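Engineer: So the protein sequences, as listed, match chains A and B.
Just so you know, the working numbering puts the end of the first sequence at 239, numbered straight through with nothing missing.
Just so you know, the working numbering puts the end of the second sequence at 239, numbered straight through with nothing missing.
The hints are simulated quantities; they were obtained by calculation from the structure and are not laboratory data.
This one's a predicted model, so the numbers in the text were calculated from it and none came from an experiment.
Some clues are possibly wrong.
As the list makes no split between identical chains, a pair holds if one copy fits it or if it spans any two.
Cross-link-like lysine-lysine pairs, in silico, DSSO-like; alpha carbons within 30 Å at most [stated by the list, open to error]:
| no. | residue 1 | residue 2 |
| --- | --- | --- |
| 1 | K120 | K75 |
| 2 | K206 | K77 |
| 3 | K111 | K230 |
| 4 | K120 | K57 |
| 5 | K206 | K120 |
| 6 | K206 | K111 |
| 7 | K75 | K92 |
Protein chains: 2
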Amino acid sequence: MQVIPKSVQNLIDELSKLPGIGPKTAQRLVFYLLKRKEEDNSLLGDAVLELKNGIRYCATCCSLTDIDECKICSDLRRDKDVVCVVEEPMDVVAVENSGHFRGLYHVLGGAISPIEGIGPDDLNIGTLASRLGDGIKEVIIATNPNLEGEATALYLQRALIPFNVKISRLAYGLPIGADLEYADELTIAKAIEGRQELF
Amino acid sequence: MQVIPKSVQNLIDELSKLPGIGPKTAQRLVFYLLKRKEEDNSLLGDAVLELKNGIRYCATCCSLTDIDECKICSDLRRDKDVVCVVEEPMDVVAVENSGHFRGLYHVLGGAISPIEGIGPDDLNIGTLASRLGDGIKEVIIATNPNLEGEATALYLQRALIPFNVKISRLAYGLPIGADLEYADELTIAKAIEGRQELF
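The shape of chain A in the complex, shown without the other chains (with noise of 0.2 Å):
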């Protein structure tokens, strides 16, 4: 028998469909909001339907942005000769969370990926190539770790080399607070191939 009602179902189904986030989880939030305030809730279901408004992709480096050249990009202050090419706009934020990059960005919009069908032509690897004449040095390949990121990494390594400008890679290694025990054997390898001299 169907005993949850249904506005209460329909939001535990909306939920499932969230990655991450299954039946059980679903509902036990639906049981959450339940029991919250209405105005709390009116905020939540609110800033779900106005995400979109007015969000675009920067015209330049192809984050997103509210506003027409995004905010990294129109900073005066930013280091204009380095560019650091990331897959999505949220590595963007987790570069610029740590604090050691003063240069500008460009988003592909995703990685090379035979399986989903995304080619080098599905990426912002143009809009890329048409920044690299203003006085662009070094471009910094910040692709995810794994295979497609890797793929990606390589494809633009190839593909920038008639632009002449400097290209570099993230450095892989044992991350930081990690256990050398529990790191995978390829992280290490990886620690080991690209060791660094002390004195």
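Guided by the hints, dock chain B onto chain A, whose structure is given.
Structural biologist: Structure of chain B alone, referenced to chain A:
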């Protein structure tokens, strides 16, 4: 620098308020929603806003319903002489999904918890008592197998003595599909205590 557009950050903040969803998960969910079709997000947003529309507590069992008397209380085919007492409306769903109970329910709306300042008077115990005249022969106490649930069960057990009904409690023991090896000591102790004679 605040690189995340305002509407995006707003939804990240709202989602982070939900239990079990930290800022990282919220960010991942929001970037997923940004890639999804606008229509799908509208369905989700509307579902949140309409969640509590018409939802009220059933006058009889205190569970959630969108009709006058909940579907279970108003179902003539249900066994009217057994009441299963649970803490929350989601527990009704859990027991109902087991397919092994054909009686009625009563939702307490929580459990006795001195730490959170919840006493017996804050629970729907009065309404339960008022139902016990209507030919109810057995009360199955199905509060959670934790400290608060146990305290509540004990309180109910004593409070219901004057009503002269059979009172039972869900069995403790090994959960089906689990490994004896991984079961905790208390569960094993309870399983031994409540062991069933086979012949």
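Engineer: Go through the copies and call it for K120 and K57: within, between, both or neither, with a Cα cutoff of 30 Å.
Structural biologist: Result: close neither inside a copy nor across copies, 41 Å intra and 38 Å inter.
Engineer: Check K206 against K77 for me: Cα-Cα at most 30 Å, and say if that holds within a copy, between copies, both or neither.
Structural biologist: Cα proximity of K206 and K77: none, with 55 Å in one copy and 38 Å across.
Engineer: If the cut is 30 Å between Cα atoms, do K120 and K75 qualify within a copy, between copies, both or neither?
Structural biologist: Between. Shortest inter-copy distance 29 Å satisfies the 30 Å Cα cut-off; intra-copy 50 Å does not.
Engineer: First find the shortest C-alpha distance between K75 and K92 inside one copy, then the shortest across copies, and answer within, between, both or neither for a cut-off of 30 Å.
Structural biologist: Classified as both; 28 Å inside a copy, 10 Å across copies.
Engineer: Are the CA atoms of K206 and K120 at most 30 Å apart within a copy, between copies, both, or neither?
Structural biologist: within (14 Å within a copy, 79 Å between copies)
Engineer: One pair to classify: K206 and K111, alpha carbons no more than 30 Å apart. Within, between, both, or neither?
Structural biologist: Only inside one copy: K206 and K111 sit 25 Å apart there, 69 Å across copies, limit 30 Å.
Engineer: Taking 30 Å as the upper bound on the Cα-Cα distance, should K111 and K230 be classified as within, between, both, or neither?
Structural biologist: neither (35 Å within a copy, 61 Å between copies)
Checked against the numbered hints given earlier, the structure breaks hints 2, 3 and 4 and satisfies all the rest.
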